[in-house]
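> Here's the letter readout for the chains.
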Amino acid sequence: MMTTKSISRDGLASLVADLVGGGTEVIAPSRAPDGEVEYRRVLRFDEIVWSDEMPRSSLKEFFLPPSEPLFSWRQTRSDVTIEPVPTRFGPRVVLGARPCDVAGVAAVDAVMGWDYRDELWFGRREATTLVSSACGGVDGSCFCRMVGLSPESEKGADLVLFPGDGGHLAKAVTEKGESFLSAHAARFGETTDEAKPVADANAGLGGGVAPADPAAIRAWLSEHFEDPMWESIALRCHGCGACAAVCPSCHCFDIVDEPEGLLEGTRRRNWDTCQTARFTVHASGHNPRADQSARFRQRVMHKFSIYPAKFGEVLCTGCGRCARACPAGMDLPEIVSKIAALAAEAVR
Amino acid sequence: MNLYQPHLVRIEAITDETADTRTLKLGFLDPDVASTFDFRAGQFGEYSVFGAGECTFCIASSPTRKGSIECTFKSVGKATNAMRGLNEGDTMGFRGPYGNHFPLDRMEDSDVVFIAGGIGLAPVRCVIWNTLDLRDRFRDVTIIYGARSVSDLVYARELEEWGARPDVRLWRTVDPGGESADWKHEIGFVPAIVEKAAPKADRAYAVVCGPPIMIKYTLPVLERLGFPPERIFTTLENRMKCGCGKCGRCNIGPVYVCKDGPVFTAAELAGLPGEY
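Line order of the protein sequences matches chains L and P. Using the numbering used here, the letters of the first sequence map in sequence onto residues 1 to 348. Using the numbering used here, the letters of the second sequence map in sequence onto residues 1001 to 1276.
In isolation and in its complexed conformation, chain L is listed as follows:
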């Protein structure tokens, strides 16, 4: 049985001061210099934005940075020496994250851990405690319910904050969440309160977003790799990859060498996306995904068919950022609900 405690606003402020003072990095929704809310490193409680504004990018960059060194090399005549990068990281707490964003981190865990363990990803994961905050939803692009989550879902979180009497209830979800409660026991109080339900914004904003049947969608997709729908959907797509950049669960990357002068340099991995034309080009020039409809289909297939076939869940947390970021108005919530309807029809 996991513990639930309470914490007041003042308690949260002291908690942030304790963490920062103790050398823990605190990441929370905060205002960037341009006024937009994003997940940022904060030093004080009053930098944290506790509004319904959706941070513009997901938590992904704190575990899989947009560009990160894998190692450095130095060459002397015929010999090469390699300087490894650390795979252990300092303690970090993410505070007040969206449930869809912590769920995204958990979804990528599966990919980073099957057979081969990505030490850079898990080094950061192990050093980080994820404290999410039940969400009021944001706008009509939110569709977490459609993909089986909710504004109160606990997937991926170590500790979840719910609105409660005089502050928040803090519910531990993992052992790490329990340890966090004990380590900072002075800031938490006992409670017998029930968590108050957050406003179910998804239902209203999303035009009555209903959970879709992931198995039916997967079955439909496996039968409709070839379908005229893909071409008509992708007509609008520029292939810019903005959707993948803001996505909490898209994790594709490139590995490139960046020489610094002739004799040394760094091999890095950089975010990449299946939406660009060169992503799959063979050395011969042959491109297995030669047009945008094949590339957009891959994005949908990976999220709702390929990943589910391997790991049982979908690779989408319904945050809706892809729809908000798309310069061409591509709308994944709409596309998924269309596929869900076709799938439901096929089942009937």
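In case anyone wonders, no lab produced these hints; they're calculated from the structure. Computed from a predicted structure; not experimentally measured. Quick reminder that beta carbons are idealized off the backbone N, C-alpha and C, glycines included. Be aware that a few hints might be false.
Unchecked claim - In silico lysine to aspartate or glutamate, EDC-like type, Cα no more than 20 Å apart, as pairs:
1. Lys1078(P) x Asp254(L)
2. Lys1025(P) x Asp79(L)
3. Lys1200(P) x Asp1111(P)
4. Lys1025(P) x Glu1070(P)
Claimed, not checked - What follows is a list of derived Cβ distance ranges for each label pair:
5. Glu1108(P) x Ala344(L): 44 to 52 Å
6. Ile1213(P) x Asp227(L): 25 to 33 Å
7. Gly1089(P) x Ser232(L): 55 to 63 Å
Since the structure of chain L is already known, use the hints to place chain P on it.
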């Protein structure tokens, strides 16, 4: 050391196969890696030149021959051109082995038919030597190899060696017009030579690697000869970066070529979308 940090390897020997195709023999610098490194026929690795980046090929030598590995590559891009610029004694990077392998255990006590075109002989060469080094475990061994022209045939010395062996049936061919004045072997496309060689399908496995067009026209010939698609193996070569199921680049439908492949049966290929 993380997953993406390569082992350092030293170039021990360089063999030019054709004008643009070269084989490197690579020895691991770390004695622990050198003594423990092992792989199975068909597996691949990420080879790198520091400053130019990584490229993906099969290991072209046989796992029965320990101490070093070989790769055969054509200079086509940034990394392979940089690899071609290296000399004997130079250091490069290797990580692997990755992927599945040819099921040699299952192929024992059967005939094995190797069919390759052009540089497609590289992954097949690994299985050929693996088979020949354990020769008494297999029945008839047939090798059918073709290239566009005589100067495009790779592993020339080994072709002579295989051709001279009484326990190997070797068919060599070049495309019409690709023959030289002293060419004594077949002239014709690989599928036609497979038809002519007509290997028996009974208790036999086929391994087919080469350009997509060759594979496309060879598979129907094998099926006509009676090879069931479950006993025809090939390899896929989708673009990869990580090689180990993370970077999301090599998917074909539900399959990760880097983990579920690179070795597939013709039956498995028939069930996949054509994104390769």
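> Does each hint fit the structure? Answer for all of them.
Here's how the hints hold up against the structure:
A C-alpha spacing of about 15 Å is found between Lys1078(P) and Asp254(L), which places the hinted pair at or below 20 Å, so the restraint holds. With a C-alpha separation of about 17 Å, the suggested pairing of Lys1025(P) with Asp79(L) holds against the 20 Å cut-off. Taking the CA atoms of Lys1200(P) and Asp1111(P), the gap is near 8 Å; set against the 20 Å cutoff, the hint holds. A threshold of 20 Å between alpha carbons decides the hint, and for Lys1025(P) with Glu1070(P) the separation of about 4 Å falls inside it, so the pair holds.
In this structure, Glu1108(P) and Ala344(L) meet the distance hint of 44 to 52 Å, their C-beta atoms being roughly 50 Å apart. For the pair Ile1213(P) and Asp227(L), the beta carbons lie near 27 Å from each other, so the given range of 25 to 33 Å is met. Checked against the hint of 55 to 63 Å, the pair Gly1089(P) and Ser232(L) passes, with Cβ atoms roughly 58 Å apart.
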